[in-house]
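Engineer: Using the sequences and the hints, build the whole thing.
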Amino acid sequence: MKKIFGRPNSLKRVPFRYCPGCGHSLIHRLIAECVDTLGIRERVVGIAPVGCAVFAYDYFNFDMLEVAHGRPPAVATALKRVMPDRVIFSYQGDGDLAAIGTSEIIHTAARGENISVFFVNNATYGMTGGQMAPTTLIGQRTTTTPRGRSSRPDGNPLRVAELLSTIEGVTYLERVSVDSHRDIIAAKRAIEKALVYQMTGKGFSLVELLSPCPTDWGLSPNASLRWMREQMAHFFPIGLLKDAG
1 MKKIFGRPNS LKRVPFRYCP GCGHSLIHRL IAECVDTLGI RERVVGIAPV GCAVFAYDYF
61 NFDMLEVAHG RPPAVATALK RVMPDRVIFS YQGDGDLAAI GTSEIIHTAA RGENISVFFV
121 NNATYGMTGG QMAPTTLIGQ RTTTTPRGRS SRPDGNPLRV AELLSTIEGV TYLERVSVDS
181 HRDIIAAKRA IEKALVYQMT GKGFSLVELL SPCPTDWGLS PNASLRWMRE QMAHFFPIGL
241 LKDAG
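Residues 1 to 245, numbered by my numbering, are exactly what the sequence shown covers, in order.
Quick caveat, the hints were computed from the structure, so don't treat them as lab data. For every residue, glycine included, the Cβ atom is placed at its ideal position computed from N, Cα and C. Errors might be hidden in some of the hints.
DEER-style ranges, computed between Cβ atoms [stated by the list, open to error]: (1) S165 with G218: 46 to 56 Å; (2) R147 with K2: 47 to 57 Å; (3) G201 with R147: 42 to 52 Å; (4) M127 with F235: 34 to 44 Å; (5) V14 with E168: 40 to 50 Å; (6) N156 with L38: 33 to 43 Å; (7) D36 with P146: 37 to 47 Å; (8) G39 with R17: 27 to 37 Å; (9) Q231 with G112: 31 to 41 Å; (10) D36 with D58: 17 to 27 Å.
Each computed PhoX-like pair below joins lysine-lysine, with the alpha-carbon atoms no more than 25 Å apart [to be verified]: (11) K202 with K242; (12) K80 with K188; (13) K242 with K188; (14) K80 with K202; (15) K242 with K12; (16) K12 with K202; (17) K80 with K242; (18) K188 with K2; (19) K202 with K188; (20) K2 with K12; (21) K193 with K242; (22) K193 with K80; (23) K3 with K188.
Structural biologist: Have a look at this one:
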């Protein structure tokens, strides 16, 4: 009998402990499948920071490094420079990359470092209780904006991908989602492309992945997917922002 589906070799045989409906486990699988397809498991080093992303080292079956909040791009830069034969990626949430790590990602992109960044945007601080994040939408309720985010005094959400697209050092930049089968296929294609661009020395790549957080959004998993399509994707449009490869 032909086997057509199974656990990727690049995922450990342990159960995920993410909340029901969370997008992290799905994104982990997509990355693992791409690593297997490219045959680079022995060369890959993943970097995860503080936040829900920190659990990645429990699940990926290749070298993982945990670093300080917001610092994955700096550590990825150092590793890639001293070990240029390795395939280095950072796996970061919006609270990490778009808040405490804003300067790190901007200057790493400006230098055109030859790394891949997977940026998971769920519009909230997931691990610490659902506080407002830089990507929280206007009107979205969080534990720190119980009446909904307001542009004053809370400020406006950051469109990180659009911001980075203005930087000359960026080679490849795409925003994808994991809210449907079609979008999941597109997300996998983008992840693989970011890794291939690094392997061929084309420079800095970032894939932003819109991801559900049912627990902190106070929605069911199905309702979360609908909210992503109707609200998140309206403010964070899916698509290719830059491809200079």
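Engineer: Please flag the earlier hints that this structure goes against, numbers listed from lowest up.
Structural biologist: 1, 4, 15 and 16
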